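Number of protein chains: 2
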Amino acid sequence: MRNYKNSRDYGCWLNYDLLPPAFLAKYEQQFPTMAVPRGMALTQSITAELRRGLGGLVGQVPNLVEREDEAAVALRLEDAAGSPEGFKLTVRAGEGLLKVLISSPGEQGLLYGTFAFLRALQLGEVEPGWELQESPRSPLRLINHWDNLDGSIERGYAGQSIFFKDNHLVEDLDRVRDYARLMASIGINGIAINNVNVHREETHLIAAKAEMSRTISCIFQDYGIRLFLSVNFASPLEFGLDSADPLDPQVQSWWKERTRQLYAEVPNLGGFLVKADSENRPGPFTYGRTQAQGANMLAEALEPFGGVLIWRCFVYNCQQDWRDTTTDRARAAYDHFKPLDGQFRDNVVLQIKNGPMDFQVREPVSPLFGGLERTNHLLELQITQEYTGQQRHLCYLVPQWKEILEFDTYARGPGSTVARIVTGSVFPLRWTGLAAVTNVGSDPNWTGHTLAQANLYGYGRLAWNPELSAEDITREWATLTLGHDGDVVDTVSQMLLGSWETYENYTVPLGIGWMCNPGHHYGPNPEGYEYSKWGTYHKADHLAIGVDRSVQGGTGFAGQYHLENAQMYETVETCPEELLLFFHRIPYTHVLKSGKTLIQHIYDTHFLGVEQVEEMLAKWQGLADKVDPETFAHVLERLQGQLVDAKEWRDVINTFFYRLSHIPDAHNRKIYP
Amino acid sequence: MRNYKNSRDYGCWLNYDLLPPAFLAKYEQQFPTMAVPRGMALTQSITAELRRGLGGLVGQVPNLVEREDEAAVALRLEDAAGSPEGFKLTVRAGEGLLKVLISSPGEQGLLYGTFAFLRALQLGEVEPGWELQESPRSPLRLINHWDNLDGSIERGYAGQSIFFKDNHLVEDLDRVRDYARLMASIGINGIAINNVNVHREETHLIAAKAEMSRTISCIFQDYGIRLFLSVNFASPLEFGLDSADPLDPQVQSWWKERTRQLYAEVPNLGGFLVKADSENRPGPFTYGRTQAQGANMLAEALEPFGGVLIWRCFVYNCQQDWRDTTTDRARAAYDHFKPLDGQFRDNVVLQIKNGPMDFQVREPVSPLFGGLERTNHLLELQITQEYTGQQRHLCYLVPQWKEILEFDTYARGPGSTVARIVTGSVFPLRWTGLAAVTNVGSDPNWTGHTLAQANLYGYGRLAWNPELSAEDITREWATLTLGHDGDVVDTVSQMLLGSWETYENYTVPLGIGWMCNPGHHYGPNPEGYEYSKWGTYHKADHLAIGVDRSVQGGTGFAGQYHLENAQMYETVETCPEELLLFFHRIPYTHVLKSGKTLIQHIYDTHFLGVEQVEEMLAKWQGLADKVDPETFAHVLERLQGQLVDAKEWRDVINTFFYRLSHIPDAHNRKIYP
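First to last, the protein sequences are chains W and R.
Going by numbering that gives the first Met the number 0, the first sequence wraps up at 672, each residue one higher than the last.
Going by numbering that gives the first Met the number 0, the second sequence wraps up at 672, each residue one higher than the last.
Okay, chain W solo, but in the shape it has when bound (with noise of 0.2 Å):
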């Protein structure tokens, strides 16, 4: 049992706890010397982790050698092709001793196979003969921070930002190093740090405020992460231009010199991030351009610094009317940037959203990936909590990520997946990978509740590699964060990996989405959303809920897709039924494939959802001297409060179905009249 309180490690999967009496067997005293090239930018770094690893979890600090022959473990520089990310890790055994050697042609191969190594160390794979020869399958692995210069975080609840506070950078650099440390074990290397939604304060992070963007660029890049800044694209009106026209050689000209000044102040700096035209914020609509034109302008001012111009493809018209009914929001990012598809320069990347619509707990793939050939691209995930429970409730994404991932899109025929897709396998583009928007905050594990670290700690493997299984990662992260007990790592793995369904179970039903409480999106509100300008409608009436969105009959929006899958979405027989509320307009009374009603289903999943969350907190107080103490109270009282909240959402979503149908539970179960 450890008190992470009084560690740097704040309870995670960089605890590098001693490792228990079996494993130590194997490894005490096998580690103690290693060889690290000098002169590298990640010397510090990689020498660093190796013996705080080693020291913690073999309790031997490995001494520094010159010859690699003489090091136990051995990092070694190759001159040779290959992604300077790669790396190459084998085992053998040697005089008495293990031999471990980890090379790359980049010293960044070398920091991700350190971590590889250690991380190997925990799960006890490190023996004589074993190899590992990785590279990440993707060029960009981002993180978003949705982080305001006073501190506050947009949908952000785990305290507040690791980064600022009051205007200023926070006074504790050492937890951004931490910080750094865990997103470089995990292979990300780009991090936008402040929100997209960039106000008044934030737009002169590129200007008067870069020297804060340095002090942290600075951390960043001894761990092979380049600082992306999130811009206003009206920063020109703010520094004194009449315009913010990207066709006006004006507002060209001030891009260009202050992306200049600005990587002279900020040389590891990756790129912009942008949100331009989209939920009030400013963009080219302002001025009559495109999205293409106004991407293309910031990207010029980026390219002769080999920085990328990200920009996000969350374009929708968000001043709809309800009784409009020829609008469809889900259409909206494929409408906007499909037509533009090829328009954009070589560095601008575009970044779209799982779904096409907001991070609902369940929506159909967006349609531009598959859409997109000749436009660079990124899927954008949500690792914070905002539509699934907040980091109060548990609910695990990697299994959502995979469904996402493994998603045909038949683009290039069958195989055509969203993952192979951000891998740059299907069409070959210079950019491609994955972003995400953090859940991490201020509060001493991170996340608000440590489960959900699993989230953070399953995207960057996600992002690393795709194809990597939700129950590999899963129990990946229970034994780095919670160690090695068996039944320990057997529960949180069940807990996380069926949390996701639960969560959708007792909230919102068959990807009809929304239904929760308006601005702040915590709890149930089933028509919180109703007449709303946000274009986010269930229609739910007394005999049937949902839109039509087919082509024949409805908004169009499953044309948006290629044949195979447009076919799948337009009818009710094929439509896969965790989405037929997102696809079709359904009675009550339509009978799905498990012979029950859709009314009966609505209630089923209901009561099944809170008594999965029943289980899981029964699974948790079986674990009640398994973690330490501090950990299973904190969790088991996020769990209670989980469960509270989970029979409210079941109430009120049955009780809004019963008034709206009349329809009584087959089962005569308390649905409140």
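Hint data in this document are derived by calculation from the structure and do not stem from the laboratory.
Nothing here was measured: the structure is a model prediction, and the numbers come from that model.
Among the hints, erroneous ones may be present.
Derived PhoX-like pairs (lysine-lysine); straight-line CA-CA distance at most 25 Å [unchecked claim]: (1) R:595 <-> R:646; (2) R:538 <-> R:592; (3) W:25 <-> W:98; (4) W:669 <-> W:646; (5) R:669 <-> W:538; (6) W:538 <-> W:595; (7) W:25 <-> W:87; (8) R:532 <-> W:646; (9) W:208 <-> W:255; (10) W:669 <-> R:532; (11) W:592 <-> W:538; (12) R:98 <-> R:87; (13) W:538 <-> R:538; (14) W:669 <-> R:538; (15) R:669 <-> W:532; (16) R:25 <-> R:625; (17) W:646 <-> W:595; (18) W:646 <-> R:538; (19) R:595 <-> R:669; (20) R:646 <-> W:532; (21) R:646 <-> W:538; (22) R:208 <-> R:164; (23) W:87 <-> W:98; (24) W:208 <-> W:164; (25) W:646 <-> W:618; (26) R:25 <-> R:98; (27) R:669 <-> R:646.
With the hints as your guide, set chain R onto chain W.
Just chain R now, kept in the frame of chain W:
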């Protein structure tokens, strides 16, 4: 036409514009002199008002003379019995001039007589032989500000506070003086300047920030207005004590000493206003004490200085579970306070909201009126239009208030109206009267919507004399503010007098309440409060809507009234239909007295309400050449916005009920499915 932007009067009923020719013919040169008793606290204010009023209205500033018999307008302080707030105003023909005499036993009566004279002059009532004898019907005629020291106003829709900005007083204290004039002109004699939700900064208005209270109170004093302060029941905790228990001798001593010091600094203090044990405010319940024990403790501290303690009865459980059908928020005020009747000290005054809920467009009268027999109490109204269109909609509330005042409680048999209760005619109570939450802010026209001034004016006039008719008050205000054009006065009066019914038509039917957006309370959201903790549920389902509040089978709220009303509200047949959904659960197919079903009534009133707004708009447009262009354009813009929002209300409410009931409109009008 007048550009009120250049005037200190901001376009309101103290404009004192030059009278029209027909009036000038009567009054010009008639008032060359005035005599005002010297040495009174109000001498300066009265003199200045006569100068300003006559100078403006008839174009001649009167000279001050010593002797009453030399003055055209003479004020006389009489050594007589009678209310020092009352006055007698006589007009007789002198030697070629009118002779006006205003007399009173008190200087405050002279001030009110002065304003009455100037008003009568504008209304053309001043002529030989005319006389007016008035005194206010109750001793407390109060205004409550919900202003915070940072300048914000809770439920304010007319800009920022006229008192506070950034935790200091505003710079423009002349405007505060004009405000005091406005209030005195309608007979207001007490103003609570800060929000009943007393936050940290505001807690210090009784201590370190007493200088701010003093400054405002000095201005008020010139107009016979006493300053009230909202205080934090938990103040002792803020000042270092470890309790705020009203029975703790240390707490009692603390309040006595603080109050003593406060009166030394602010002698014009009328007393304290307290919101305790309400919506998360601290109160005696924290210490297991009754509301009476809490109030009496503060009242005892005020007693040596003649101060009164005003204690709000807005006490209810704001953490209700919507599944709990045994709790009825409507019952709360009566259940809490009726058993304490007679236990309060003589200088405690309970302040009771007009209805049992919270200032909805339609509620029954609180059963505490007629219920409390031995406790001083006030009727609390809401001038600021929190639930009635927030000064973006025209909703003139004087007709609502008249209904409330004329409501017969039967407390002492027929005729025991609210008006008679709050003027002390039913029960012999020392302190009675009215209080109202104001709609005033820093907007140039005081109230955001210029026509919303009529609510402020009307409140004061009713507080002075609840028997004034809505029609008379309305025409008075329109004439004083918009001038003597008969068409303008007629049209504006019609618009005002019909606007409450119109607002009710397109918003919330038959007393069901709420159905607005949570938090800010603007715009429709039929289920916005349905699953909340606020105790405000309509429980609409496929067949019916409403909560049964009868004694037989309901929550029993109807039984809180005296027998005549209890019986009336008890049954569907006898319940007034405008309150049908407040007291009963009614099927949509229930046939109303009109012969229409409930659902058809809802549809019809909602279509009608929008048509009525269209008519209001047309009426106003007909005045284009008859009111000053700025006022015309401003009101036009508000009415146009009201029309858009009325259509939104109509469509949302109709759609909501159609989706639930699936009963079509008998007239086949457009209801969005």
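Evaluated hints:
1. R:595 <-> R:646: holds (22 Å)
2. R:538 <-> R:592: holds (23 Å)
3. W:25 <-> W:98: holds (13 Å)
4. W:669 <-> W:646: With a Cα-Cα distance of about 11 Å, the restraint between residue 669 (chain W) and residue 646 (chain W) holds, given a limit of 25 Å.
5. R:669 <-> W:538: Distance of about 16 Å is within 25 Å: holds.
6. W:538 <-> W:595: holds (22 Å)
7. W:25 <-> W:87: holds (22 Å)
8. R:532 <-> W:646: holds (15 Å)
9. W:208 <-> W:255: Roughly 18 Å between the alpha carbons, so the hint for residue 208 (chain W) and residue 255 (chain W) holds.
10. W:669 <-> R:532: holds (20 Å)
11. W:592 <-> W:538: holds (23 Å)
12. R:98 <-> R:87: Between residue 98 (chain R) and residue 87 (chain R) the Cα gap is close to 14 Å, so the pair holds against 25 Å.
13. W:538 <-> R:538: holds (19 Å)
14. W:669 <-> R:538: Satisfied, since the Cα-Cα distance of roughly 16 Å is no more than 25 Å.
15. R:669 <-> W:532: holds (20 Å)
16. R:25 <-> R:625: At roughly 24 Å apart (the allowed maximum being 25 Å), residue 625 (chain R) and residue 25 (chain R) satisfy the hint.
17. W:646 <-> W:595: holds (22 Å)
18. W:646 <-> R:538: holds (19 Å)
19. R:595 <-> R:669: holds (19 Å)
20. R:646 <-> W:532: holds (15 Å)
21. R:646 <-> W:538: holds (19 Å)
22. R:208 <-> R:164: It holds: about 14 Å lies between the C-alpha atoms, which stays within 25 Å.
23. W:87 <-> W:98: It holds: about 14 Å lies between the C-alpha atoms, which stays within 25 Å.
24. W:208 <-> W:164: With Cα atoms ~14 Å apart, residue 208 (chain W) and residue 164 (chain W) stay inside 25 Å; holds.
25. W:646 <-> W:618: Distance of about 18 Å is within 25 Å: holds.
26. R:25 <-> R:98: Between residue 25 (chain R) and residue 98 (chain R) the Cα gap is close to 13 Å, so the pair holds against 25 Å.
27. R:669 <-> R:646: holds (11 Å)
Hint check: no violations occur; every hint is consistent with the structure.
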